[in-house]
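Engineer: Listed below, chain by chain, are the residues.
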Amino acid sequence: MKLPSLREVGTEAKLLLIGIPVFIWTMVPIYHMFLFAISPKEDAFSGKLWPAHPTFKNFEIVFYQQHYFLRDFWIQFWNSTVIALAAGALTLFVATAAAFSISRLKVPGGRWVMNLALFTYFIPAAFLAVPMYRTMGNYGLLNNHWSLILAMVTIASPYAIWVLKQASDKLPVELDEAATMDGATTLQLFRLVYVPLMMPSLVAIGTYAVLLAWNEYLYAFLLLSKDTDITLPVALGNFLAADDSPWELLMTTGFIYALPPAAVYYAFKRYMVGGLTAGAVKS
Amino acid sequence: MAITISGSDSIPGPPLSSRLTTQQVWGIALLAPYLLVFLAFVVYPVGYGLWLARNPASYVALYNDPIFTRAAVNTLIFLVVGINVKMLIALFLSGFFAQQRPWIKWLSVIFILPWAVPSIPTILSVRFMLNPEWGVVNQLIFKFTGDDGPNWLNDPAVALAMAIGVHIWKSLPFWTLILLTGRLAISHDLYEASEVDGANWWQKFRFITWPSMQTLYVTCTLLSMIWTLGDFNSVYLLTGGGPADLTHVLSTLGIRYLRLDQLSLAMASIVVAMPLVLPLVYFMMKRLSR
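Chains A and B, in that order, are what the protein sequence lines are.
Read the first sequence against the numbering used here and you will find it ends at 283, with the numbers running on by one and no gaps.
Read the second sequence against the numbering used here and you will find it ends at 290, with the numbers running on by one and no gaps.
Hints in this document: simulated from the structure, not taken from any laboratory.
A portion of the hints provided could be inaccurate.
[Claimed, not checked] One-sided excerpt, in silico: chain A residues whose CB lies under 10 Å from chain B:
1. LEU15
2. PHE23
3. LEU35
4. HIS53
5. ARG134
6. VAL173
7. LEU175
8. THR180
9. THR185
Quick reminder that beta carbons are idealized off the backbone N, C-alpha and C, glycines included.
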């Protein structure tokens, strides 16, 4: 076996000198959350790096809703799920139709609509929150799940349309011509040619919209307020309202809430990082 | 128009002009859902918001509110410090993650976690870590020095710094990966040729890496500026704007006014940010619609 040269060892050491702090920096808040989740109440505040008696008791308390703050856990979990899936499906529908219309049917004014959509995409959502809150009040949708779903569709669609338009511009125009020549109607063209070819982008955009809605805090806490209407992140925020909030249960709930999006993210990673986002900053 | 449509259905191989019309009708029909969403949830709210902010008196009130001035300064600090520190670290780390090592590959999978998980639980986790009595940070300080640690989130300067830290923690992986894609697109031959010429690492960065990445870096910085302006969670969930409303930024200030039922102030505080936001937004829109 050839021993590594001194220089190689030096390079490796330098890389480790960067890698170890990066690892610690990344993991500390997440590990801290995990530590609380597996610690019994009396261990949680001991400041140890591993609890003396690790336990799943906290998860049990959350799952069986055995605490005042958690009495609506499952219904809130359900609310989060329904809202995320509905926002994802609706965004897909709205954005696919619009992208098809702009990119394939070359509808007059399509480019203009695209620019308008991009404009809204870049306006920070936090700035739109106050007028959106009032608007939902005017529409009589406050405390109704539809308000959050529609708000999420509004925020997710511009980027969705842009990504789908970019992808569909790459499909050869001869495809449409051939299909039309064979007597396909526009709807058949959409259903039988366009959607199947766009599948990878549709999966990516659907995932993007679902994660966006699942993770949303600001709009959720503005638009929904009843304990049985709110989503999980709002419930987590409500823990803070009390001075004696049970941290270990809050962290356990937070951990459970963070797991599904992380899993989805890693499952669709190759769509999420490269494909979806690199386009936004293409030089 | 209805006649043309039914006509084109019955005659096989309709003339070009009428087929175009059907296509256009479909085009408008398929664009309609988005246009409806846009009108109902963008145009109407924005117009209504501007109407609420129409009174010049609210701008005077805003100008006289010390919390607004403080928030504007905080926003500026948040932007200047947060973005530059984040982008410089991202640029540096993109070079680190470009190294071909199995363990670095694994580290990059872990490194993306802050971006992949929702921000609420992790920010609350940091908030608990910094709790003066029970938080793990001060417990460790007490254990090793016997002294009580500082009351982290009770000092506005420290609290704002911590909020910037949380913001960087959350968004650093994203920008590192974007810059990494830019780095990996640079031809390897260039580096090999420069090595033959005896270039050191700084010369390689200065003459190969930076020239091919500067456009990307600037675009990323601008985009990050827009997104950082809209970062509500990092400040609101960590400090709640406190202590004594001294750590607000523009994105949380509007919500504060809303909760105090000062709607016209809330809208005015958003409108005054527009001269900063709109040029950036316009620039990014032009960039993407090419």
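Engineer: Find the hints from earlier in the document that the structure breaks and name them by number, from lowest to highest.
Structural biologist: Failing hints, ascending: 4, 6 and 7.
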